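The task is simple: from the sequences and hints, build the whole structure.
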Amino acid sequence: MKRLTLALSFSALCFSGFAQNNSHITGSLQANGNFFFAADSVLGTAGIPQYDNQKFGAETWLSLNYSHNGFDAGLRFDMFNNSNLLNPSASYSDVGIGRWYVHKKIDKFDISGGYLYDQIGSGIIYRAYEERALMIDNALFGAQVGYQINDDWKVRAFTGRQKQQFDRYGTILRGGVIEGFIKPDSTKNFAFAPGAGIVGRTYTDETINSARFEVAGYFKDEQIDLQYNTYAATIFNTMTAGDFTWYFEAAGKTKDVINDLTAPRSILNGNEIDTTLGKLVNRTGYTFYSSLAYSKKGFGITLEAKRTKDFSFRQNPNALFVQGAINFLPPMAKQNTYRLTTRFAPATQELGEQALQLDVRYKLNKKLSVGLNFSDIQFLDGTELYREITPEFTYKQKRKWQLIGGLQILKYNIFVYQGKDTYVNALTPYAEFLYKFSPRKSIRVEAQYLATEDEFGSWVNGLVEVGLAPHWIFYASDMYKLEHGTLDPSLSAEKAKEKTKYDNAHFPSLGVVYSRKSNRVSLAYVKQVEGINCAGGICRYEPAFHGARLTVNSSF
Amino acid sequence: MKNILYCFSLAALMFITACKEQPIIIPDPNLNVTGRTVLVEEITGVRCTNCPTGTQTLVALQQQYGADRLVVVSIHAAGPFSVPYTNQEDYRSAEIQELADYIGQYFGFPTASIDRRLLVGENSIFITPHSRWGGEVAQDLQEDPSLAITLENTFDPSSRALSIKVGLLPDQQITGEHRLTVLITQDSIISQQLDGSTLVQNYVHRHMVRDVVTAPSGDNITEALEAGQLVNKTFNVSLPATWEAKHCSVVAYVHRSDVSKEILQAAEKHVIE
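Each protein sequence line maps, in turn, to chains B and S.
Per our numbering, the very first residue in the first sequence carries number 746; after that it's consecutive.
Per our numbering, the very first residue in the second sequence carries number 1011; after that it's consecutive.
Hints may contain errors.
To be verified - In silico SDA-like cross-links for lysine to any residue, where the CA-CA straight-line distance does not exceed 20 Å:
| id | chain 1 | residue 1 | chain 2 | residue 2 |
| --- | --- | --- | --- | --- |
| 1 | S | LYS1175 | S | ALA1234 |
| 2 | B | LYS1242 | S | VAL1210 |
| 3 | B | LYS1242 | S | ASP1111 |
| 4 | B | LYS965 | S | GLY1076 |
| 5 | B | LYS1240 | S | THR1208 |
| 6 | B | LYS965 | S | PRO1033 |
| 7 | S | LYS1030 | B | LYS1272 |
| 8 | B | LYS800 | S | VAL1247 |
| 9 | B | LYS908 | S | ASP1111 |
| 10 | B | LYS965 | S | GLN1072 |
| 11 | B | LYS1246 | S | TYR1213 |
| 12 | S | LYS1030 | B | ARG957 |
| 13 | B | LYS1000 | S | ILE1034 |
| 14 | B | LYS1108 | B | TYR1140 |
| 15 | B | LYS1165 | S | LYS1175 |
| 16 | B | LYS908 | S | THR1208 |
| 17 | B | LYS1000 | S | LYS1030 |
| 18 | B | LYS1165 | S | TYR1213 |
| 19 | B | LYS1246 | S | GLN1072 |
| 20 | S | LYS1175 | S | VAL1247 |
| 21 | B | LYS1244 | S | THR1096 |
| 22 | B | LYS1244 | B | GLY1256 |
| 23 | B | LYS1244 | S | THR1208 |
| 24 | B | LYS1000 | S | VAL1247 |
| 25 | S | LYS1271 | B | TYR837 |
| 26 | B | LYS1272 | B | GLU1198 |
| 27 | B | LYS1156 | B | LEU1101 |
| 28 | B | LYS965 | S | ALA1070 |
| 29 | B | LYS1246 | B | SER1235 |
| 30 | B | LYS1244 | S | VAL1093 |
| 31 | B | LYS1242 | S | PHE1091 |
| 32 | B | LYS1079 | B | HIS1216 |
| 33 | B | LYS1156 | B | ALA978 |
| 34 | S | LYS1030 | B | ARG1028 |
| 35 | B | LYS1000 | B | GLY1023 |
| 36 | B | LYS1000 | S | LYS1271 |
Hint data in this document are derived by calculation from the structure and do not stem from the laboratory.
None of these values were measured; they are calculated from a predicted model.
Here it is, written out as structure tokens:
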């Protein structure tokens, strides 16, 4: 209550200057309401409180930002009522001030305090950001000071603790970054944008105590040293030379106590020594990431490469999945958009991964352009995790209609990513057709066929969307599980039952979207199968959804 | 450029000189025997692919510290992961689900609560990953217990009637609201279990909760818990014929029932000694 009163007083103080000149108030609202239908044991929603009893869940974020002569301040009200965002199988309710900040530019200094979002380089050693779909909000609650050394160079330093819902982690962070811009010849398109950064993290006494006693239970020869502090440093540069852009970042981390869920640990089993997987380890780590792009009229090519080893950098060794990450490792797979091409998405493997991605686009003529995406992700020992090859074409018939077609050829290590079986090998042809009856009326039809014998087998998905610009969009879609053909006779009855549990099942969606200026309201009935939900390479497994979704987005 | 290099070198120097720290001593958790018995409540299910790894960890911990110091109960209430296979006994029940719900929500598997202690910085009493359990168990074992729990079981094999006598002997005055929970567990049940991607037909299920004798959220202890004053409770139940009595145990524990649900002390005793 005290915190809320303080925040409201603060906002009143800030916004009292609204009437003055050069003052701006901006803001945004995002509100989601989920109405959960009856629990269904086949769908896997039974036992989830929203389906069993609660029936409704909601999230709201309301932001207000004020700026006046180099002074900025902002406040965000967050509310979660029986929300399934934090844990898709459970319910979370809380309400309060999710963020506030103040910022002032004074001469060459830049001073900020409150809940701050920021990143160093591409985020490999530090990224404080928000991803609402996965309930990631790791803003740094602290202070940041920046200094503009000259026109091309600036430096900033920060310290604080990262946000954990309406609380904060105990771990202390501090860091600094220097960023510059060098253009040797102002007449040529040749420039560098180099930078370097460092972040230090101090584990809390609770974390170290927990780790001490955990390690105490290990066999003597498997015990590890511990330390409070770990430092991660990075150097990065973007070089622009004519039509080429090359980004390179190399990051290293001093010894860090992390949880390796695949590390073998000896345990006693009767009089014998057995092995289980998962223990604390204390290792240094590194990540290299590079992206080389060439672009000229009608042609573009991007090649990315990444190698990561032991680069988990978290609030404590036991923070897993989307929780407690201090950094962000860039994803290396195509950001797919269709329902079936996104069904098998790879989560970044922070303890060891080597990956390549190639993306080529070529415009053959005014009507036809073609593209190819290839991505390959492996463990460091060469074990295949993810391989996707997607050739695609786009055909545009003036402004009347457009056709996109492609084929996704996929190999997906579903055991590593989801703990099921071994691999999914799938072919997914897809097509999207957009026809404009008039500048205001259009219809968009998309279809995908995911052909596989693995996991639950093959699916088809179709969508029809009618657009009545500028206000209305109506859509209907259905994802349908095709019946399995002949099953492998070596499968056990239970395995066969699991594999065919969605046979002939429909997962329809029906929705309407209304937009007016910068406001958008949508209402949809959704029945969605279990799967992986990813945002920016961060993924998590989510159970099925069956219900109605109401969303409101507004900015002002 | 010179200034820039100077600033950067200075900042790097500050970081580097602050790197050295005192070595951290790894303790021996077996040195300090306090009389405390720790309770681990594991949420599991026959379709839970990762749960056998958790059970393996708990069995090893129990062997390391002794079953008298570490009591483990496995609660089959993992939603869709606890749905039985064809022809398999259903290990779920409404009261077992209520017991799990009372402890709180969980995130992922394997998951377990250690003395129902909410750890600093956590939203849930249930702890994931399993590689954290050992450290938390070892820390709880260092705590002095505020009371002792004695269990006396009288079992009649012919009628299968079981009389359970629970004695609570506080070591100090214990204030606040507390509850007593009494469970019956069965060990070594051989049945199907998904382990990784393999469905094991003859999996040995350990420490399975079969019955909650008290209310799932515990029975209120109405008597004052004063130092040295024994509080006795008696419960009478009948064991179903399908439960192998030689593998059944009674587990009793006292826990807070205000904002915290933390367990003060636990005890376990076989139905047949």
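Verification of the supplied hints:
1. With a C-alpha separation of about 18 Å, the suggested pair LYS1175 of chain S and ALA1234 of chain S falls inside the 20 Å cut-off, and the hint holds.
2. With a C-alpha separation of about 16 Å, the suggested pairing of LYS1242 of chain B with VAL1210 of chain S holds against the 20 Å cut-off.
3. Restraint check for LYS1242 of chain B and ASP1111 of chain S: the C-alpha separation of about 29 Å exceeds 20 Å, so the hint is violated.
4. Of the pairs offered as hints, the one joining LYS965 of chain B and GLY1076 of chain S holds, with about 19 Å between alpha carbons and a cut-off of 20 Å not exceeded.
5. With a C-alpha separation of about 9 Å, the suggested pair LYS1240 of chain B and THR1208 of chain S falls inside the 20 Å cut-off, and the hint holds.
6. With a C-alpha separation of about 17 Å, the suggested pairing of LYS965 of chain B with PRO1033 of chain S holds against the 20 Å cut-off.
7. Simply put, LYS1030 of chain S and LYS1272 of chain B have alpha-carbon atoms about 55 Å apart, too far for the 20 Å limit, and the pair is violated.
8. A distance of roughly 37 Å separates the Cα atoms of LYS800 of chain B and VAL1247 of chain S; the hinted pair therefore is violated under the 20 Å criterion.
9. With a CA separation close to 27 Å, the supplied pair LYS908 of chain B and ASP1111 of chain S exceeds the 20 Å bound.
10. For the hint pairing LYS965 of chain B with GLN1072 of chain S, the CA-to-CA distance comes to about 18 Å; that is within 20 Å, so the pair holds.
11. Among the hinted pairs, LYS1246 of chain B with TYR1213 of chain S is inconsistent with the structure: their alpha-carbon atoms are about 24 Å apart, more than 20 Å.
12. Taking the CA atoms of LYS1030 of chain S and ARG957 of chain B, the gap is about 19 Å. The hint holds against a cut of 20 Å.
13. Restraint check: the Cα-Cα separation between LYS1000 of chain B and ILE1034 of chain S comes to about 14 Å, which is no more than 20 Å; the hinted pair holds.
14. With a C-alpha separation of about 10 Å, the suggested pairing of LYS1108 of chain B with TYR1140 of chain B holds against the 20 Å cut-off.
15. For a cut-off of 20 Å, the pair hint linking LYS1165 of chain B to LYS1175 of chain S is broken: about 46 Å separates their Cα positions.
16. Simply put, LYS908 of chain B and THR1208 of chain S have alpha-carbon atoms about 40 Å apart, too far for the 20 Å limit, and the pair is violated.
17. The suggested pairing of LYS1000 of chain B with LYS1030 of chain S holds, with an alpha-carbon distance near 12 Å, which does not exceed 20 Å.
18. Taking the CA atoms of LYS1165 of chain B and TYR1213 of chain S, the gap is near 19 Å; set against the 20 Å cutoff, the hint holds.
19. In summary, the hint linking LYS1246 of chain B to GLN1072 of chain S is not supported, as the alpha carbons are separated by about 38 Å, beyond the 20 Å threshold.
20. Simply put, LYS1175 of chain S and VAL1247 of chain S have alpha-carbon atoms about 11 Å apart, close enough for the 20 Å limit, and the pair holds.
21. Restraint check for LYS1244 of chain B and THR1096 of chain S: the C-alpha separation of about 15 Å stays at or below 20 Å, so the hint holds.
22. Using a Cα cut-off of 20 Å, the hinted pair LYS1244 of chain B and GLY1256 of chain B is violated, with the two alpha carbons roughly 30 Å apart.
23. Proposed proximity of LYS1244 of chain B and THR1208 of chain S is supported: the alpha carbons are some 14 Å apart, at most 20 Å.
24. Under the criterion of a C-alpha separation no larger than 20 Å, the hint pairing LYS1000 of chain B with VAL1247 of chain S is inconsistent with the structure, at around 55 Å.
25. Of the pairs offered as hints, the one joining LYS1271 of chain S and TYR837 of chain B holds, with about 19 Å between alpha carbons and a cut-off of 20 Å not exceeded.
26. As the CA atoms of LYS1272 of chain B and GLU1198 of chain B are separated by approximately 23 Å, the hinted pair breaks the 20 Å bound.
27. About 15 Å separates the Cα atoms of LYS1156 of chain B and LEU1101 of chain B, which keeps this hinted pair within 20 Å; it holds.
28. Between LYS965 of chain B and ALA1070 of chain S, the direct Cα distance comes to roughly 15 Å. Compliance with the 20 Å bound is thereby established for this hinted pair.
29. With a CA separation close to 18 Å, the supplied pair LYS1246 of chain B and SER1235 of chain B stays within the 20 Å bound.
30. As the CA atoms of LYS1244 of chain B and VAL1093 of chain S are separated by approximately 16 Å, the hinted pair is consistent with the 20 Å bound.
31. The suggested pairing of LYS1242 of chain B with PHE1091 of chain S holds, with an alpha-carbon distance near 15 Å, which does not exceed 20 Å.
32. Distance restraint check for LYS1079 of chain B and HIS1216 of chain B: the Cα-Cα separation of roughly 31 Å exceeds the 20 Å cut-off, and the hinted pair is therefore not satisfied.
33. Under the criterion of a C-alpha separation no larger than 20 Å, the hint pairing LYS1156 of chain B with ALA978 of chain B is inconsistent with the structure, at around 34 Å.
34. Pair hint LYS1030 of chain S plus ARG1028 of chain B holds up; C-alpha atoms about 17 Å apart against a cutoff of 20 Å.
35. Taken as a hint, the LYS1000 of chain B and GLY1023 of chain B pair is honoured in the structure, with Cα atoms around 18 Å apart against an allowance of 20 Å.
36. For the hint linking LYS1000 of chain B to LYS1271 of chain S, the alpha-carbon distance of about 37 Å lies beyond 20 Å, and the restraint is violated.
Violated hints for the displayed structure, listed by number in ascending order: 3, 7, 8, 9, 11, 15, 16, 19, 22, 24, 26, 32, 33, 36.
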